[in-house]
Structure formats: C-alpha cells, structure tokens
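Novice: With chain A fixed as given, assemble chains B and C onto it according to the hints.
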Amino acid sequence: MKLFSSVNDVSNIKQLVKDALELKANPYAFQSLGKNKTLGLVFMNPSLRTRLSTQKAALNLGMNVMVMNMDKEGWALETQDGVVMNGTTVEHIREAAAVMGQYCDILGLRSFPKLNNREEDYSEDFFNKFVKYCAVPVVSLESATRHPLQSFADLITIHETWTKKADGTKPKVVLAWAPHVKALPQAVPNSFAEWMCKAQEEGMVDFTIAQPEGYELAENFTPGAKIEYNLEHALEGADYVYVKNWSSYKDYGKVLTYPDGWMMNNDKLKFTNDAKIMHCLPVRRDLELSSEILDGPNSLVIHEAGNRLWAAQAVIKTMLEEL
Amino acid sequence: MKLFSSVNDVSNIKQLVKDALELKANPYAFQSLGKNKTLGLVFMNPSLRTRLSTQKAALNLGMNVMVMNMDKEGWALETQDGVVMNGTTVEHIREAAAVMGQYCDILGLRSFPKLNNREEDYSEDFFNKFVKYCAVPVVSLESATRHPLQSFADLITIHETWTKKADGTKPKVVLAWAPHVKALPQAVPNSFAEWMCKAQEEGMVDFTIAQPEGYELAENFTPGAKIEYNLEHALEGADYVYVKNWSSYKDYGKVLTYPDGWMMNNDKLKFTNDAKIMHCLPVRRDLELSSEILDGPNSLVIHEAGNRLWAAQAVIKTMLEEL
Amino acid sequence: MKLFSSVNDVSNIKQLVKDALELKANPYAFQSLGKNKTLGLVFMNPSLRTRLSTQKAALNLGMNVMVMNMDKEGWALETQDGVVMNGTTVEHIREAAAVMGQYCDILGLRSFPKLNNREEDYSEDFFNKFVKYCAVPVVSLESATRHPLQSFADLITIHETWTKKADGTKPKVVLAWAPHVKALPQAVPNSFAEWMCKAQEEGMVDFTIAQPEGYELAENFTPGAKIEYNLEHALEGADYVYVKNWSSYKDYGKVLTYPDGWMMNNDKLKFTNDAKIMHCLPVRRDLELSSEILDGPNSLVIHEAGNRLWAAQAVIKTMLEEL
Numbered sequence: 000m001k002l003f004s005s006v007n008d009v010s011n012i013k014q015l016v017k018d019a020l021e022l023k024a025n026p027y028a029f030q031s032l033g034k035n036k037t038l039g040l041v042f043m044n045p046s047l048r049t050r051l052s053t054q055k056a057a058l059n060l061g062m063n064v065m066v067m068n069m070d071k072e073g074w075a076l077e078t079q080d081g082v083v084m085n086g087t088t089v090e091h092i093r094e095a096a097a098v099m100g101q102y103c104d105i106l107g108l109r110s111f112p113k114l115n116n117r118e119e120d121y122s123e124d125f126f127n128k129f130v131k132y133c134a135v136p137v138v139s140l141e142s143a144t145r146h147p148l149q150s151f152a153d154l155i156t157i158h159e160t161w162t163k164k165a166d167g168t169k170p171k172v173v174l175a176w177a178p179h180v181k182a183l184p185q186a187v188p189n190s191f192a193e194w195m196c197k198a199q200e201e202g203m204v205d206f207t208i209a210q211p212e213g214y215e216l217a218e219n220f221t222p223g224a225k226i227e228y229n230l231e232h233a234l235e236g237a238d239y240v241y242v243k244n245w246s247s248y249k250d251y252g253k254v255l256t257y258p259d260g261w262m263m264n265n266d267k268l269k270f271t272n273d274a275k276i277m278h279c280l281p282v283r284r285d286l287e288l289s290s291e292i293l294d295g296p297n298s299l300v301i302h303e304a305g306n307r308l309w310a311a312q313a314v315i316k317t318m319l320e321e322l
Numbered sequence: 000m001k002l003f004s005s006v007n008d009v010s011n012i013k014q015l016v017k018d019a020l021e022l023k024a025n026p027y028a029f030q031s032l033g034k035n036k037t038l039g040l041v042f043m044n045p046s047l048r049t050r051l052s053t054q055k056a057a058l059n060l061g062m063n064v065m066v067m068n069m070d071k072e073g074w075a076l077e078t079q080d081g082v083v084m085n086g087t088t089v090e091h092i093r094e095a096a097a098v099m100g101q102y103c104d105i106l107g108l109r110s111f112p113k114l115n116n117r118e119e120d121y122s123e124d125f126f127n128k129f130v131k132y133c134a135v136p137v138v139s140l141e142s143a144t145r146h147p148l149q150s151f152a153d154l155i156t157i158h159e160t161w162t163k164k165a166d167g168t169k170p171k172v173v174l175a176w177a178p179h180v181k182a183l184p185q186a187v188p189n190s191f192a193e194w195m196c197k198a199q200e201e202g203m204v205d206f207t208i209a210q211p212e213g214y215e216l217a218e219n220f221t222p223g224a225k226i227e228y229n230l231e232h233a234l235e236g237a238d239y240v241y242v243k244n245w246s247s248y249k250d251y252g253k254v255l256t257y258p259d260g261w262m263m264n265n266d267k268l269k270f271t272n273d274a275k276i277m278h279c280l281p282v283r284r285d286l287e288l289s290s291e292i293l294d295g296p297n298s299l300v301i302h303e304a305g306n307r308l309w310a311a312q313a314v315i316k317t318m319l320e321e322l
Numbered sequence: 000m001k002l003f004s005s006v007n008d009v010s011n012i013k014q015l016v017k018d019a020l021e022l023k024a025n026p027y028a029f030q031s032l033g034k035n036k037t038l039g040l041v042f043m044n045p046s047l048r049t050r051l052s053t054q055k056a057a058l059n060l061g062m063n064v065m066v067m068n069m070d071k072e073g074w075a076l077e078t079q080d081g082v083v084m085n086g087t088t089v090e091h092i093r094e095a096a097a098v099m100g101q102y103c104d105i106l107g108l109r110s111f112p113k114l115n116n117r118e119e120d121y122s123e124d125f126f127n128k129f130v131k132y133c134a135v136p137v138v139s140l141e142s143a144t145r146h147p148l149q150s151f152a153d154l155i156t157i158h159e160t161w162t163k164k165a166d167g168t169k170p171k172v173v174l175a176w177a178p179h180v181k182a183l184p185q186a187v188p189n190s191f192a193e194w195m196c197k198a199q200e201e202g203m204v205d206f207t208i209a210q211p212e213g214y215e216l217a218e219n220f221t222p223g224a225k226i227e228y229n230l231e232h233a234l235e236g237a238d239y240v241y242v243k244n245w246s247s248y249k250d251y252g253k254v255l256t257y258p259d260g261w262m263m264n265n266d267k268l269k270f271t272n273d274a275k276i277m278h279c280l281p282v283r284r285d286l287e288l289s290s291e292i293l294d295g296p297n298s299l300v301i302h303e304a305g306n307r308l309w310a311a312q313a314v315i316k317t318m319l320e321e322l
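Chains as they are written, first to last, in numbering that gives the first Met the number 0: chain A, 0 to 322; chain B, 0 to 322; chain C, 0 to 322.
Note that these hints are calculated values from the structure, not bench results.
These numbers were taken from a predicted model, which means no experiment stands behind them.
Where hints are given, some of them may not hold.
It does not matter which identical chain is used: a pair holds within one copy or between any two.
Okay, derived cross-link-like pairs now, DSBU-like style, lysine-lysine, Cα gap no bigger than 35 Å in a straight line [claimed, not checked]:
| # | residue 1 | residue 2 |
| --- | --- | --- |
| 1 | 36 | 23 |
| 2 | 128 | 269 |
| 3 | 131 | 269 |
| 4 | 23 | 13 |
Here chain A stands alone, though its shape is the one from the complex (with noise of 0.2 Å):
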C-alpha cells in the first residue's frame, strides 16, 4: 500500500480488521520492520488523538518518527501553479513536499477544509498535490473529505464487540447526525458512510444513515445506505449509533437549523437494541450526546478512540512491508 487515503486504497478490509486485532494481540512482533525506517507526521491543523495514536504505532513498530506542526509555524505553502509567489506564502507544496519525502521512508499528513469553497475541497487538492510530490507512501491523518483512520478504527470497534448471531443477523449500524455549534467538515461521517458501505457489501453490517434536510452527504460516500429523515425510526433495532455533527454538504458549510430532538440521549436509545454508542472524539457533552450516554455502560468511545492505535499500526505496517 503506497497510499492510505480512503477504503478504496484497501483491498480486502476484512484483512485489514484481522491484521489489526493480531497487532492488539502482540504489539512489538514487528519492530524489525521499522528498524531505521522514518515516519514524518505533518499537521496543518491540531492533532490529539491522531498524532498520539500514529506516533505511538510507529514506536511499536520500530521506527523514528518527526512531527512537524507546520500551523503553528505559520509555515503557509503555496498550491496554485504559476502564480508569482510575491504574498504570503512562504513555500510552494511542490518544494515543502518533495523535502520532506527526503527525510521520510513515510509521511503522514492532516490537511482540513476550508468549508468555503466546496469544489475545492472536494478536489482534495492540497492533499493530492503533498502526495505527487513528496514521492513516499502517505498516510491521511484526515483530509478535506475523509478521516480513514477513523473509520478503520470504528469498524475494528464494531468487528470486535459484535456477538455474531446463529442466524447471521448483521449489526445495524446508523450514522446519526447531531447538533454542533460550528461549521464542522463533512471528512468523519464522507469516510465512516464510505467504510461502512463497503463493510456492508462484504457482509459485515447493515448501515444507515440518519440526517435532518439538507444535511446529506455526497453521494458517492453513500452508496447502498439506507437514508432516514426520521431519528427515532432510524434508531429501531440499532445495534451501533455512531453520532457525529456535520456541516450542509448541498449549502456548502453551512449550519442549518433542524428540527429539535436530534441529540442523542437515553430517550432515544429506547428505540434502539440496547444499541453501543460511538464518536470519533472531541465530543461536545450534552450538545451532541449526553453525559448520560457517554459516562454510561452504552459507550464505546473510548474503547474506540484506543482502536486508533491499532488501525494506524495495521496501516503502517504494511506500507513498511512494501517499502
């Protein structure tokens, strides 16, 4: 694997949640392949969980890793070709890139949206373009679209905790919206839709998605999800929620107002089967979800912020395998 942007970079997921299960099970087995290996994990936003989570995998795996903060640097790198760089950006990605691939075996980058301009983010341009030019294998730390990370580590929380059923019932997994006070990317809930689209085509769950109008994904994330305007009907017989803000898609970054009664609380989770509640963490208490839910037995988010480790180190270690 040579890139680890999406669930298409991946040729058979179900290895993959296999591959990261034995690494949970034995950590260290692998730090020869790491032995004088290098990761560069470059962030032009802040990183708690995916810095810590990615640097600590590569640490298991015996490499050297150099974290460069470049938004505290005011490090601004210029994307457009032919333009006379004469403002304010210091340095063209075609430079900053390619250096950095000079000093890395494999680089890790975490680029956000601008949620003003939605043909440009969704090129993933800045990404795309680091990727061409730094010439090393990259692994998203989350993009403008996509979180893969993330989404790797839900479906390893999912895989993990489900009680398979005599009768091969699937769990029923929903992607419920919720209410946030900012304009967040739709990165998390684009890359979870696509990973559990393609998990359901394997046979893995059923996946729903939850939203109030207006606040649809991109198509091309959901193919195969069932879509419900409706929460509590969505919620029947959910075996996992995954709650997650996001911003309009259709009204670019846009915040529109919603009906009430879309935060997830213990009202709510009657409509469920006793349903494991999941976020991808920073989590606003009681705006998105509800103490109740997150100090309760029902929680996963922990467990599933933990999974990170082990999603990164799967990753990491097969592009090590290849290098």
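Specialist: Chains B and C only, in chain A's frame:
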C-alpha cells in the same frame, strides 16, 4: 507509586534520594525497564527544564516519549460536569484524559493555576480530574499548588552537597521570598516547604521560611517550619538559601507592597554561614537574586537544575517497576 | 570539533565532504557512536529542512533528539549582562543555555538576526553567548550571519554532481542575487560565499558573486571571490548558479531598488554552460527563480535539500567521536 503529585506520595524520601543518586552514577542501567513503554508529557503551560529533564529521564530508562504542548494548540478543555458544551471548550477532560491514557503507560501533566480563585486553584480540580480519568500513573510536572519534581531535585541537591558534621548538626535551610514584577503561583514555595518540613521530620534539615507580612504560605504546607519576617535574622547561620518569589496566598494572587531589602545579594550573604544559594529557575537577575551571587561560587542553581533529571528518573523508574 | 558555526571550524573541508558521502552510502554504520547520547535542537525561529534533516541525522547515528521550539513558547531570553530583569525577558541566556547543556551532549541552535542593528547582528552576540554558557559542543542551525550546514550541503552537492574534466578545469560557481518581497538576512549568501572561497583556495571551484549595486556582502566573507554587477556577464560559462535573495549589508537590512532582470529563468540559463541551478529553499517561485527552471532538468534544489541530512550527519559524527 501510581501518583507523584506531592511529598505525601513518597513512602521514603531518604530512599528516593538514594535511588536518584544511584541513577546519577549509573544512568543507563535500567533500560530494559522502559522498553516498549511510553511516557506522555502533557503541557497546558510552557516548560523548559521540566520538559527536557523529564524527557531525558525517560529516554535514559529506555522509554519512548510523546510530548503534547496543548497550550500551543488552543485545545481548551472543559472540566465542569453537566454543562452543555456549546461554548469555547472543545473537549471535556473526561474524554481527553481517558484517550491519552489509552496511548501512554505513564503520563506527566503540567497545569498552572489561574490565580484568580484560590478555592478553585487549591482544589487542584484540573489535575485531580486528569489523574482520575486517564487511568494510568501520573507524574506532576507542576500543578496549581505544587512542583514536586523541583522540590525533590532540591532535596537531592542539598543532600548531595552537605558535608556531614561530627556533632550531627543539620544544615539550616532558608526559603527566602524575593521580589518579582509578575504575580507568580505559590506552587514552588508550597512544594519546597512541604518537602523540607518532611525532611526536617526525618532529621535531614532545619527549615526556616522568611517572607514579608502578607506573603505567608498556606499552613498545611509548612508544618514545623520556623517562620521569620526579618530576612537578615532568618539568614543567620544559614547553610542553604532558597530564593523564590511568590504572590500572596492570603490576598490571593496579589503582589503586595513590601519593604526594601528582600533581593538576595552579597550583603545578605554575609549574614549566612557562607550559604549555598538555590533557585528553581527561571530567575530574574538583579531583581530576585543578584548577578554577583548567580555568577559566583555560592550559586548551586545550574547543579540544581541538572538534578531535575535524576529526580524525574528516580520517580519514573519507581512507577515502571510497578506497572 | 566542539563548534560548527562556520567553515573556519572545519580543519579539512575535502575530508568532511568525503565523510558525508560515505555516510550517504552507509547511513546506519555508526549507531553505537550515538547510543545514550542526546542532541538538543533549540529553535528561536521556524525551521523545516534544518529541523528534519538534523533530527534524522542524529537518529541515523543512534542518538536521542529533543526539540525545543522556543519561538513558539514566548520564552524571551535576556542576553545583556548587568540589567535588572524587571521587563519582558523571562530568563537570562546564562541560565537557559547552561541548563540545556545539563541535559544534552550536543546542542544545535537557530537564531536569526533582527536586521535592525548591523553591529549587534554581526557580533553574533546571542549565538556566541549560548555557545559559551551551554558548555557542550554546538552546531549552528543558522545564526545571524551564517548557515554552515546549508553551505556544507551545497558543497557536497557540487562535488557530487561535478564530472572531473581531463584538463582539470574547475566548475564555475556563481552566487546570483535574486529579488524577494521581504528583507532577508545575509546568512545564507555570507556562508555560501565563505565556503566557496575556501573551496576555491582548495582548488575545488572557481567562484563568482553577482549582485546589484548596494547588495555587496561583507568583504570578510568573500576573500578571492570575483564580484560582478552584470548578471549575464557573471553567468557566462557558469556550471552552477546559486540563486538567493538577501537584503543590503551596506544600507543594513534594507530592500534597495534594483534594475530589472535579476530573476533567474531560461533566458538567463542560455548564458551559462547548461548550469545546474541551486537554492537553499524555501524559494519564491517566479520571483527569485522561474518555475520552468525549478521543474526542469537543471534544478538541483531537491537533491541539494536531501544532502542537508548527510552534511548534518557528518558534522554530528565528528562531534560524537570527540565527546
């Protein structure tokens, strides 16, 4: 040891000093202890000595170290329960701490007081919640009311440099308040006082605190300490003078007017028993402490800072042994 | 080598180039040298290439690396002696440097000039005081007037890419001033000039500097260099053109008016001997240097940046051998 936040977390301070000096003599003897173990250092405030000495201590023990400068990331944490998080805090400490505990075997935390609410600061609410929710051993890198790694390094330095007297005379140690332009926390003097009071109980030192009226520390940090309001008098026969500024505890966080003559200099040194001069650093030259002393033979400040490494290594080694 | 701050700290530049190329061929051969040794990288200003290449160089040698981005911490250091520190500086360089020396075996320091006082900048007061007080070997990561790791990497790159001529002709190397929107230090051109003048003495290159009137570098950096004010004339027969902007030394730190035609592009390339084009990066595209060159076969800029790693590794290896 699952927690190192004050002298009260140490069962035997003499033994811990002994351990630290053995590590100083043989820094790399325990690298198998830390193999595949990770220390996470979480800074809510800037750090130079504490960051470098603790990181080096963990590396000497064979650990991996991950540093999170959360103050640089504007990653504002919510600490109150039951609040609707529709404001500026992006994550609750319940999740943030628990997640960091997922990726680290031991965590270090620095969190300064705000100095505007004494009850809040002295409750150590932030630090204690972090300890509670992260669910792994925690080393204080300075909290609202204490700086135990500094105080432990101070005790090591006194023990290491004191020549035992035939008549069993103990070194006279004086904590001397000094001027500053800013309102500083009481963490360092509180902590030094409680370590010296404990050392006095153990027959290691005689301990005196000198400060102007209004600068008295909270009494629970100073059991058995001799309190003086006259600096010259306090300095008589002193073997060690620990110079430090702090803001008022009584008139909380305020810088009160004070009489002249509280800056430590060679004129004051004359009153002492050719005392060694200590300071936790950073020090304001010629405001807290004169350059003539800092650059002269009585200063221990660099030696003392060097011992931060062995203090941290002894504490982390003890925690590793109990993992 | 206890100090690497200029070409004058190197006893034999040909040998050091040879060492660097041997490390490039065999990067991990000396990991026992760095075992349990720590490199501290102290940045008073932002860094991308220098930070990553020097960190990687130390890791290749088996060292531990600790990075302090002091510019991010608002940790303002006092450098003057005898001042009462009742202002904004929080610590004196005497203590800060000495403390860092307590935790590190070798230190690297980056400190840019302020460009408002030539005497102050050219005294290298900050850098020299850091070296004096830290009491361990120091590698310059770019100081007020020099960037020796860059210049050494530049010499490696020229030596590595030059095909020896039967008649012993030396490569013609031209340092060519180029436009910029900001007032930049003279550190890179000063340093490149002094390394090339030394290489010219050693019979490795013929060296020419081309700049507009008023942009002459300080003469002590350019002994034996041919000085040109006409770019086309300077470029005639050039084998290597090192493109770089700098502000005026004479009218210190100012951006002076200059005639058109100083941006390096394909029209200018025609005057050369199909020259290789070099730049330290970051480069302002189509302002200093044309995209057509940067993206074409004559550009060495990425190769050159890659050699920063081997330059740093050769220097650190030499220091480790003498610890």
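Novice: Confirm or reject each hint.
Specialist: Verification of the supplied hints:
no., hint, result
1, 36 to 23, "both (21 Å within a copy, 15 Å between copies)"
2, 128 to 269, "between (47 Å within a copy, 31 Å between copies)"
3, 131 to 269, "between (49 Å within a copy, 30 Å between copies)"
4, 23 to 13, "within (15 Å within a copy, 41 Å between copies)"
When the structure is compared with the earlier hints, no violation turns up for any of them.
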